[in-house]
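Visitor: Sequence:
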Amino acid sequence: MSSLLLSSPTTSSSLALAHKLDKSLLNAQKEVTFSIPIPSRCKRRNLCTVKCATTAPYEGNVPKFPRISVWDPYKRLGVSPYASEEEIWGARNFLLQQYAGNERSEESIEAAFEKLLMTSFRERKKTKINLKTRLKKKVEESPPWFKNVLNFVELPPVEIIFRRLFLFAFMGGWSIMNSAEGGPAFQVAVSLAACIYFLNEKTKSLGRAFIIGLGALATGWICGSIVVPMIPTVIIPPTWTLELMTSLVAYLFMFLGCTFLK
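In this text, residue positions in the sequence shown follow my numbering: the first is 2, and each later residue adds one.
A portion of the hints provided could be inaccurate.
Unchecked claim - Distance condition first, Cα-Cα at most 27 angstroms in a straight line; then the derived DSS-like pairs of lysine-lysine: (1) LYS76 / LYS116; (2) LYS263 / LYS203; (3) LYS139 / LYS263; (4) LYS65 / LYS138; (5) LYS205 / LYS263; (6) LYS76 / LYS65; (7) LYS138 / LYS263.
To be verified - Now the in silico label distances, taken between C-beta atoms and shown as ranges: (8) LYS139 / MET231: 48 to 58 angstroms; (9) ALA186 / LEU156: 29 to 39 angstroms; (10) GLU107 / PRO144: 51 to 61 angstroms; (11) ARG123 / PHE211: 17 to 27 angstroms; (12) ARG123 / GLU160: 22 to 32 angstroms.
Note that these hints are calculated values from the structure, not bench results.
In this text, a Cβ means the ideal position worked out from N, Cα and C, and glycines have one as well.
From just these sequences and the hints, can you work out the full model?
Guide: Spelled out as structure tokens, the structure:
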């Protein structure tokens, strides 16, 4: 039977045609499969997606802060309750550097640090208020004569105190340097003029400033004349005379008078 089919020309031609059709279909499938072009935008998008996925930070790779759920801010930062502000700042910076990149860890560290700063601020404010309250209470409980003395005293700004202290300290140093050549008369005169000038600025009365300045100089000179001879001569340099040391005490009294008296 098979020999008859093969020997028939019609059958052989149909088989050849079927074989050609199968071959053409396979070629068409190949062309359809491999001839579809990929747009350049899709290529860029695919590359960008792969690149972003590989370069994006992964929080799981960053070490996690182990004390993230500790309630006590001192224990969370790893410092003692008596730690100074410098130690707290140092612990915060160290932990932020160690756990950088982990958002939850950084938030936990910053929250503990802010709590400690607020606690420190409240304690300082409370201490200042308590100190002022205690001083005010002490003044109210003091005797009347002490209250009368305080009425003549004031506390100027720190800048003014240091400025005038520097001036009178300079006069004292100048007097010590020129002690071998002569007495400190010129330095005392300049210090008295400066004292009167400062008092006149404060009181707006030249007469009162002159009286207070002369009184401060006289009081300082008298106290120096009494106290200086009591000092053992062993601790006094040989070039320091009684007049020089008395003038140093007078500088101190003039500084106190022009700075703290009303």
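Visitor: For every hint, state whether the structure bears it out.
Guide: Hint by hint, here is what the structure shows:
no. : hint                                : verdict
1   : LYS76 / LYS116                      : holds (12 angstroms)
2   : LYS263 / LYS203                     : holds (7 angstroms)
3   : LYS139 / LYS263                     : holds (21 angstroms)
4   : LYS65 / LYS138                      : violated (53 angstroms)
5   : LYS205 / LYS263                     : holds (11 angstroms)
6   : LYS76 / LYS65                       : holds (16 angstroms)
7   : LYS138 / LYS263                     : holds (22 angstroms)
8   : LYS139 / MET231: 48 to 58 angstroms : violated (32 angstroms)
9   : ALA186 / LEU156: 29 to 39 angstroms : holds (33 angstroms)
10  : GLU107 / PRO144: 51 to 61 angstroms : holds (59 angstroms)
11  : ARG123 / PHE211: 17 to 27 angstroms : violated (49 angstroms)
12  : ARG123 / GLU160: 22 to 32 angstroms : holds (29 angstroms)
Going down the numbered hints, you'll see the structure goes against 4, 8 and 11, while the others check out.
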